Amino acid sequence: MTEKRASGGFYAWLLQRITGVVLAVLLIAHFIVTHGLPHPSGVTYARIAPRLATPTWKVIDMLFLACALYHGLNGVWMVLQDYVESEGMQTFLFGVLCVLGAILFFLGAITVIPFAVQA
Amino acid sequence: MLERPNVIKHYRWHMGTWAWVLHRITGLALVFYLVLHIWVIHNISSGPKGFDKVMGVVQAPLFLFLELGLLGCVLYHTFNGLRIMIVEFSKEGCEAHKMVWGAMMAVAGFLFLLGGVPMFVHFLHSIAG
Ligand code: HEM
Ligand code: HEM
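The listed protein sequences derive, respectively, from chains A and B. For the first sequence, the residue numbers in our numbering are 124 to 242. For the second sequence, the residue numbers in our numbering are 983 to 1111.
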């Protein structure tokens, strides 16, 4: 019964893997850059803002945001399908995840896209 | 039409129960972090004063220590995720799945030390003041 839905469709499966590979690169880069590894210093406006204000990093961060949200929320959806039996409840939770994703994407986008360094 | 590969139905098979449970837990932990993170980082729009004030709170020593746990979650989930894909997509990888597991965990462990040691030193400095 839940068998056919238990791992989602083929495209969801494939996209989970594509975003996974993209995230592997971006997330490790993100950790290095935001921490200032190998010599970690605190995350401060002075250190972060000039880089975030460049178009290149805006594109990178938007790609990162989209992949992380898709992959993470689709992952939650896969988990929910394993534990929630009722179809009605599944549909409801799917809706909740979509709304949550839209809100977070919007919040992340208005953070990154118009960003300019302030004095 | 693209054929849905047969392996999907059995992917958990290549995992081992513990590897799978940990992948699930670390994945969910990362989603939880991501939600808070997007919200916290939004403060950068308020300019240097507002941002540094908020970051001062989320970079208290306790949080610097917890970031080691975050690094652990990221590295395990990333390298176990890559392992899943190698085992699914390559016949050789599937046959040598124990070796793939060992190699991936070795890289993850190495990166944990490489990133974690400086982060831990940074944490020690933060409690020393
Ligand atoms: C950094 C590189 C990453 C890689 C290579 C990766 C890889 C994967 C793969 C291959 C799966 C599917 C496992 C399956 O089919 O059972 C998966 C599941 C998942 N991922 Fe990731 N992932 C990464 C990052 C992330 C991030 C940043 C998050 C959170 C925002 C996340 C959250 C999840 C969740 C919640 C699942 C579902 C777990 C489950 O079904 O048990 N992943 N990941
Ligand atoms: C403790 C470790 C982390 C620190 C210090 C950190 C810091 C930051 C900073 C300063 C930014 C602003 C943009 C930039 O600098 O490029 C940012 C953005 C971002 N981070 Fe992190 N981050 C960390 C971990 C993570 C993790 C684990 C994830 C994924 C689950 C993540 C996902 C993101 C995303 C998607 C953005 C873009 C946000 C947006 O569009 O508003 N970060 N992070």
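A couple of the hints might just be wrong.
[Claimed, not checked] Here are a few chain B residues that face chain A, going by a calculated C-beta distance under 7 Å:
no.	residue
1	H1019
2	I1020
3	V1022
4	Q1041
5	N1062
6	E1074
7	G1075
None of these hints come from the bench; they were simulated from the model. Every value quoted in this text rests on a predicted model; they were computed, and no experiment measured them. Don't be surprised by glycine CBs; every beta carbon is placed ideally from N, CA and C.
query: Of the numbered hints stated previously, which ones are contradicted by the structure, given in increasing order?
result: The structure conflicts with hints 1, 3, 5, 6, 7, although it agrees with all the remaining ones.
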